[in-house]
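There are 4 protein chains.
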Amino acid sequence: MLHLESDYNTGAHPEVIKKLAETNAEVLSGYGTDKYSEAARAKIRAACECPDAEIVFISGGTQTNAVAIALSLADYEGVIAARTGHVSLHEAGAIEYTGHKVIELTGTDGKLNADTVREYCEVFYADENRSMMVFPGMVYVSYPTEYGTLYSKAELEAIAAVCRDYNMKLFLDGARLGYGLMSRKSDLTLPDIARICDLFYIGGTKLGALCGEALVFTRNNMPPHADGSIKRRGAMMSKSRVLGVQFDALFTNDLYFRIGKHSVELAEKMCSVFARHGYKFLLQSPTNQQFPIIENSLLAKLREKVTVGFWEKYDDTHSVIRCATCWSTTEADIAELDRILGEITS
Amino acid sequence: MLHLESDYNTGAHPEVIKKLAETNAEVLSGYGTDKYSEAARAKIRAACECPDAEIVFISGGTQTNAVAIALSLADYEGVIAARTGHVSLHEAGAIEYTGHKVIELTGTDGKLNADTVREYCEVFYADENRSMMVFPGMVYVSYPTEYGTLYSKAELEAIAAVCRDYNMKLFLDGARLGYGLMSRKSDLTLPDIARICDLFYIGGTKLGALCGEALVFTRNNMPPHADGSIKRRGAMMSKSRVLGVQFDALFTNDLYFRIGKHSVELAEKMCSVFARHGYKFLLQSPTNQQFPIIENSLLAKLREKVTVGFWEKYDDTHSVIRCATCWSTTEADIAELDRILGEITS
Amino acid sequence: MLHLESDYNTGAHPEVIKKLAETNAEVLSGYGTDKYSEAARAKIRAACECPDAEIVFISGGTQTNAVAIALSLADYEGVIAARTGHVSLHEAGAIEYTGHKVIELTGTDGKLNADTVREYCEVFYADENRSMMVFPGMVYVSYPTEYGTLYSKAELEAIAAVCRDYNMKLFLDGARLGYGLMSRKSDLTLPDIARICDLFYIGGTKLGALCGEALVFTRNNMPPHADGSIKRRGAMMSKSRVLGVQFDALFTNDLYFRIGKHSVELAEKMCSVFARHGYKFLLQSPTNQQFPIIENSLLAKLREKVTVGFWEKYDDTHSVIRCATCWSTTEADIAELDRILGEITS
Amino acid sequence: MLHLESDYNTGAHPEVIKKLAETNAEVLSGYGTDKYSEAARAKIRAACECPDAEIVFISGGTQTNAVAIALSLADYEGVIAARTGHVSLHEAGAIEYTGHKVIELTGTDGKLNADTVREYCEVFYADENRSMMVFPGMVYVSYPTEYGTLYSKAELEAIAAVCRDYNMKLFLDGARLGYGLMSRKSDLTLPDIARICDLFYIGGTKLGALCGEALVFTRNNMPPHADGSIKRRGAMMSKSRVLGVQFDALFTNDLYFRIGKHSVELAEKMCSVFARHGYKFLLQSPTNQQFPIIENSLLAKLREKVTVGFWEKYDDTHSVIRCATCWSTTEADIAELDRILGEITS
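So the sequences go chain by chain: G, E, D and P. For the first sequence, my numbering begins at 161 and goes up steadily by one. For the second sequence, my numbering begins at 161 and goes up steadily by one. For the third sequence, my numbering begins at 161 and goes up steadily by one. For the fourth sequence, my numbering begins at 161 and goes up steadily by one.
Think of the hints as simulated: they come from the structure by calculation, not from any bench. Possibly wrong hints are sitting among the right ones.
Copies of the same chain are indistinguishable here, so a pair counts whether it falls within one copy or spans any two.
[What the hints assert, rightly or not] Restricting the straight-line Cα-Cα distance to at most 25 Å, the calculated cross-link-like pairs of lysine to aspartate or glutamate (DMTMM-like) are:
1. Lys329 <-> Asp387
2. Lys203 <-> Asp493
3. Lys203 <-> Asp358
4. Lys195 <-> Glu282
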């Protein structure tokens, strides 16, 4: 069986698991104070070119989004997101569980448009009854988006400008950040992101770690006593080394970026393979997730040999599927896909 | 100054305030156990032809929505509402404060369409990842809607059918229920609503009371220990007589319906007056709120003599305004409006 | 039947209900902007000698406590209260519903002791693990307490000093404030309370209003956009006049204080009557609530003629009951109690 | 430096880390569906002799407590716990964050007494005002307690009987369960606990795992759609294998129990060493945590050579410290402690 359904179906990158094993017997303090967490923070600060960045490690993405949003919003504020955003759709209401509204706007291919956000704010602030409405206090974007697409630097800066104009924070969900940064189509660097956003996270779980995300506050804007706030949301690991060691490994010798690059290159090849066999795509994704359209009876055949994710219904006879690469995907996998597609499509 | 901006800018209907004064010195128990609350519940049950209805009185509408929704949903569920619904837009995030998501769907003139809801549910239950999504557990409709429009009996029953098919509760926000029921265009009665909905509320604040809403559970579905759940949301009045006496008055000699009828008749006349002076409307509302479109410089002139609500921008030179009637609106008010419109429009 | 079970079993003081009726037809804006709310705020500011006080009116006490506490605490903070405090025991978990812990300390006769609070804070700040604990961010006191007892000025100032030393806010629940201020044993005035506390509320429901409490922020410390925060907790009345008119009446011609004085004087007489018939008390209350101890079979007889509140079991054969006076209690009521006690006790 | 400050300062037991490494490249599904999670569940069910147990794996203890409590309580209910319980004191208000009150009762050496709980319930259900109070819906116990102490089978069954009588669930926090079960003083087995409790968790983080706890529902009482409820609290790991593999290892060849036994035996030796050097203890702990009392200047000296946890002030000149053993503690460590104590105490 060939596995392409997700980027979280194998364990950690070998260099990560190796470091976990090597450091296993060391005695280390907990709750974020261990030396590997410290080292990882220093390396991330350097990679971000943001020497004052405050960084906390959290075990998963939904938790990180909830903590980032809940701790940054005032009571009367909500967070703007694309209707297709992870926080809008696929976190089982985790943001609402914190008591805050996700203000859903229509985007394009997973992306929010700065003009849409600006117009929303203009209408909001022109409304005489706005004191009875949820104030927009933050804009949430994901990079890459849930559809694998990327904001250009200009697009992200345009959104940041709206945020400045309307006193909103800009938060970037980087669950798959490395795949975005290493895309051929990306004109953004990690320092760019640290400079443009008020806070963002560097995703580990989907990029070579067993678990863990690094939440980065770039403006000396980590809330006071964040430890307690994170603890009470269940997002604090006592053996914080688990996250510290993994991020230390990911930010040693550019591993994080190597993983991203490897996966995106194979995704491009995967994309070519699908195209060569005549498949169209829901959209052009320049990152590690691809969304081919497939006739339903073919999909059934394909699934006998390849695991793929069902994404959405395309029409009565076709489906959109998701195929993802990650650190463990190989050239052989792509060749195998080619063979299988040849077999079932003919 | 002529006042048309809302239906909550005068006090209580004289029969209501009179009863509050008359019963003021009586010694009564509190927390919903007073005899007027009991009497009011009996009268409402009779009016609903729902002898088993369980009824609680709550001081305001937002509170009632929050209590009704929070107590009816399971932890993993959210409530479907029109994007323009009161719970979606104008309660400052009160539903999200209870931890639940408002699943916003596009409606028409403030109304949800049964097909839209059904399609949403079909897609939801076809989604392989739905366990990571918010389950739709309730449908929220308002009658009349925030735009003054009405569901027909067939429309409401169609929504109820979707609710049955997908195991959702149907909740009707009747903040202005009496205006809906007394509309010439309504084919629904109070017993119809009690029969079709799982729970709904009869709005007092906007229909002749100083404050207060009657939340009606029609299926023996009031949650256990609702008292405590209401108390902890701050929605329990110790001097519950305040609400009991008012609803007792409103449901004596059909006062609630007389207020509705009076207001809607005057709204029709108000509508004609606007039309006669050449104004168009955002939509046709058959209830006590009307939404004329007015050129901005005229609006400024109008506001020197009439208070009206700003509703939304229509285009660069026009606005939609809201004009509402209520128990205290008089024929003389409408005549005065006619005179003023003549003056400013000429 | 003689009614002594509570101070919320009759309606509003006649001067209050009269004003509600007189102003009923006036057209007024809502959501706290009506002229009576403005006037009431001005009168309260004057009575508090706190010209910058920010004041919001809220329909009930539990709601007011929840709003005051939730809006004043940081995410990682809780509120210290006596184990017997209203927020600890009798609000069905309303404070926890806002997500915050009530840190319960042992008090005496309903009162917190400054030394107890200080010691708690000393131990807390000496704890190496305090980052995983709830920070004390506020002290909650009630005046009078739930047991009718009063803090002296020195005692309240001592608690305020601890609050300053440990960066906590001091919040005073004045559900029955007027009874405390008018007690012969009180050495505190309303300006004292405004000066000593960061926020407090002046209770209306239990002191002559139909409903309503005035929450007073004394340090320019009302949170920004409090309107929205209050709205989303369901604590905002659209017909805010209901509260504004009542508080305007209560603070006209010292009505609030007259009610307090009248009730406390009758409570003293009630106390004497019980004592004369040989009853002992749970404690000495100098306010409108008295807590006599009564043998259980006598209690059964008493309850045939007088409504009283059960407070707690005293021992296997005795109970503590609560008897309260309010604006509607008369000299004749006390004489009647005297007669009844003579009858059943002999 | 000798490290005795906690049982979470080294990584995973070698058999656990080995299995993580060995299975790392395997392709596995996520969100709890991987085959190792399935296998671990089967092994735990067998170890519990509870073939119908429903089991979810969660990354940390605070999260597990919050999920277990929030999903088991009705809206109007709270959880009874000892004032010293982990949920009461050391989770930064995580339970209150779910909206529920921790009803704190006084215990002894960290343990709740069945009589105390029964008396609380008797008084509660005798209170005429209980509808305005938080209903006790669950009893929380920890085994071992935060003080290392153990309930006897009779004690735990007595609490369970109170729970049955008053319709409360019994939840056991087993963050250190293995240390309790393997104590010489324990008369409880894992099947006993599964039989007596409605739900409990088997702690991994503090007993040989990198992270992870196994929450066990023993009465077919896992709430419906628990996946979504866990997800929205941020407690769902996408690479669930991380937890599944670790628990599979822990429940293979009795590793979990071997770790417990090893640690408790060394703790007994550690205890003897302290005693031999003349130290007294705060209390007798039969598990892996010991609480010696030490003069403050000696503590300073000790801390130059041994890391220990500060537990609490004993008197003006003495402190209580916490020393813990775990899988990585060795006989050599104990010998070294002996040497150090000899050195500093002489």
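Item to complete: Provide an ascending list of the numbers of those earlier hints which the structure does not satisfy.
Response: 2 and 4
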